[in-house]
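Q: Take the two lone chains and join them into the complex the hints point to.
Quick note, the sequences are listed as chains A and B, same order. If you want the working numbering, it's the 1-based position in the first sequence plus 764. If you want the working numbering, it's the 1-based position in the second sequence plus 1.
Since the hints were derived computationally from the structure, they do not count as laboratory data. Built from N, CA and C at the ideal position, the CB exists for glycine as well. Incorrect hints may appear among the rest.
[Claimed, not checked] Some but not every residue of chain A turned toward chain B, in silico, with C-beta under 7 angstroms:
1) Glu776
2) Pro777
3) Gln779
4) Leu780
5) Ser783
6) Val786
7) Asn787
8) Val789
9) Leu790
10) Gly793
11) Val795
12) Ile796
13) Gly797
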Amino acid sequence: MTHDPDALEEDEPAQLILSDLVNRVLDKGVVIGSNITISIADVDLIQLDLRLLISSVAALTRRAEEQKARGDLPVRTRPRP
Amino acid sequence: MATYLYGLVLARNAPRVPPGTPGVRAARVRLLPCGPLSALVSTLPQSPDSVSLDDVRAHDAVLQAAVDAGVTVAAVRFRQIFADDDDACRHIKERSDPVSRVLEENDGAVEMRLLLPASVNSVSSVASSPPENVGRGRAYLEALRRQQPPPLRRLIPQVRGEASSSLPNGIAIAHLVQRTALEEYRARVATIPHPRDARIVGPLALYSFVEGESVA
Numbered sequence: 765m766t767h768d769p770d771a772l773e774e775d776e777p778a779q780l781i782l783s784d785l786v787n788r789v790l791d792k793g794v795v796i797g798s799n800i801t802i803s804i805a806d807v808d809l810i811q812l813d814l815r816l817l818i819s820s821v822a823a824l825t826r827r828a829e830e831q832k833a834r835g836d837l838p839v840r841t842r843p844r845p
Numbered sequence: 002m003a004t005y006l007y008g009l010v011l012a013r014n015a016p017r018v019p020p021g022t023p024g025v026r027a028a029r030v031r032l033l034p035c036g037p038l039s040a041l042v043s044t045l046p047q048s049p050d051s052v053s054l055d056d057v058r059a060h061d062a063v064l065q066a067a068v069d070a071g072v073t074v075a076a077v078r079f080r081q082i083f084a085d086d087d088d089a090c091r092h093i094k095e096r097s098d099p100v101s102r103v104l105e106e107n108d109g110a111v112e113m114r115l116l117l118p119a120s121v122n123s124v125s126s127v128a129s130s131p132p133e134n135v136g137r138g139r140a141y142l143e144a145l146r147r148q149q150p151p152p153l154r155r156l157i158p159q160v161r162g163e164a165s166s167s168l169p170n171g172i173a174i175a176h177l178v179q180r181t182a183l184e185e186y187r188a189r190v191a192t193i194p195h196p197r198d199a200r201i202v203g204p205l206a207l208y209s210f211v212e213g214e215s216v217a
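The following block holds chain B by itself, in its conformation from the complex (with noise of 0.2 angstroms):
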């Protein structure tokens, strides 16, 4: 047996949780008191020796699950996997005070994911915008088809945080928001000029925030 951690919340959220969540191979996920952390760990028979794309989706929807009930998470990395929840919890207290700290820090919190498709030539238009903002819109737009994006936190008041990463057909970049801003930080976005394929994504867990990446 084997048990396999998805994401850390504080203690004090654990009971928000939505119990019994299809996991990795469809084990259900349950609540792990780790210290002043709760890990979402499902029980597998044994470590996988295979990775799907549906177990990138189960641990991505549990994770999702929580974040519906409006629980801020820390994302683990995929296929953490260990001896037995004793070893999970382990190794969860040795890290568990920058986690806690980041968790303490942004309850309440969500990551939201603005992407970016690798072609940025066709700009959607922003009737109602603030002059000034869409100038400096444009100028970000120039700054991705170079590959060099400025901070968009400049333009979004929303943000606490903004982490940028590279895909194979194109860019995401990571906002870290407070749920209670969520509106404005949307309606923010939607006045910057962006390529018409872009996607906003979220609220999500807390991914690009909980291992080092600055926040703002």
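Excised from the complex, chain A in its bound form (with noise of 0.2 angstroms):
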């Protein structure tokens, strides 16, 4: 199995945009009908959610295999509290 370093690079970046875009859709704007998203969209919404969870999900893990595959080990530098 191949890395590529660039493709990561760039998937990060793109879930950050697309939970973005997914957040002020759903979260922002004038709300004009309230009564009518909130009880036709709810569940859908919920499952929308989820789909973006996982989706973040499988990336962190497809990183942590890849870095476990170089015999890399996660360094964390943020500092204590």
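A: This is the structure in structure tokens:
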């Protein structure tokens, strides 16, 4: 299995842009007839969020597997609070 | 039949909106005059009983076509569906005062969105930044790590309004900016230290400044 660092670098920004698109379209903007949206789409919107979450988790899992295959250990540089 | 509503523009700007953009379920978009406003709508055979990512993208693309034509658009939230045009217009007129006011006060403005990934450990270098701006920018990043971002508009004079929201994988900071100031805005944003994977998205329709959010 080959490792393409460029593809991975592009993946996270793409996920970020997609999650922002979903967030702003579903959660922002003028509400003209709120009862219509909530009553019809409640369950479907949750499913859509789940799909996005699954997609994000899949990307993280793929990255971890590729790091493992290369023998890299995840490095945490965030300072302790 | 049902009327799907995408966005609202000032009636005087309606002639500049390109007609026939494909919307949700590929239905063609048209302009519906409603008093001081014109609505971007399309006709659906019936109210869809499911939602897809393609629908979300289509909703945004309709608004983007108007923005790309130079029109300031108030985005309407996803899946605002009405029985017919008359029903849509009746509801729009009930809300037309605050929306008209926002569009009049911000005619010529767009929304820009600064997207910051959840991991903010990798910071880009900013060789040409004024030292005080770098210091304040780094303080901003430290606050971001604590999930308490302070207003960026103090650092970017072109910003007329600011609103932030959490994403599953980061933070989105919306800025209200006049089109005429976009170049200066982008240049100013570039001087602020930011995560390597940060992205600026826009110009967009006004999503974050039309439903009670504060405008600076």
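Q: Hint by hint, say whether it matches the structure.
A: Hints and how they fare:
Interface hint at glutamate 776/A: satisfied, since its Cβ lies 5 angstroms from the closest Cβ of chain B, which is below the 7 angstroms cut-off. For the restraint placing proline 777/A at the interface with chain B, the shortest Cβ-Cβ distance is roughly 5 angstroms, inside the 7 angstroms limit, so the hint holds. Against a cut-off of 7 angstroms between C-beta atoms, the interface hint on glutamine 779/A holds, since the closest Cβ of chain B lies about 6 angstroms away. The restraint placing leucine 780/A at the interface with chain B holds, with a minimum CB-CB distance near 5 angstroms, inside the 7 angstroms limit.
For serine 783/A, the interface hint holds, since its Cβ comes within 7 angstroms of a Cβ in chain B; the closest pair sits about 5 angstroms apart. Given hint, valine 786/A at the interface with chain B, holds; its Cβ is 6 angstroms from that chain's nearest Cβ, closer than 7 angstroms. Satisfaction of the interface hint for asparagine 787/A is found here, the shortest Cβ-Cβ separation to chain B being roughly 6 angstroms, below the 7 angstroms cut-off. Here the hint on valine 789/A is kept, as its CB sits about 5 angstroms from the closest CB of chain B, short of 7 angstroms.
Annotation: leucine 790/A was flagged as interfacial toward chain B, and the flag holds, the nearest CB pair being 5 angstroms apart, inside 7 angstroms. Checking glycine 793/A against chain B: minimum C-beta separation of about 4 angstroms stays under 7 angstroms; hint holds. Of the supplied interface hints, the one on valine 795/A holds, with its beta-carbon coming within about 5 angstroms of a beta-carbon of chain B, less than 7 angstroms. Interface restraint check: isoleucine 796/A against chain B, minimum CB-CB distance 5 angstroms, threshold 7 angstroms, status holds.
The beta carbon of glycine 797/A comes within 5 angstroms of a beta carbon in chain B, closer than 7 angstroms, and the hint placing it at the interface holds.
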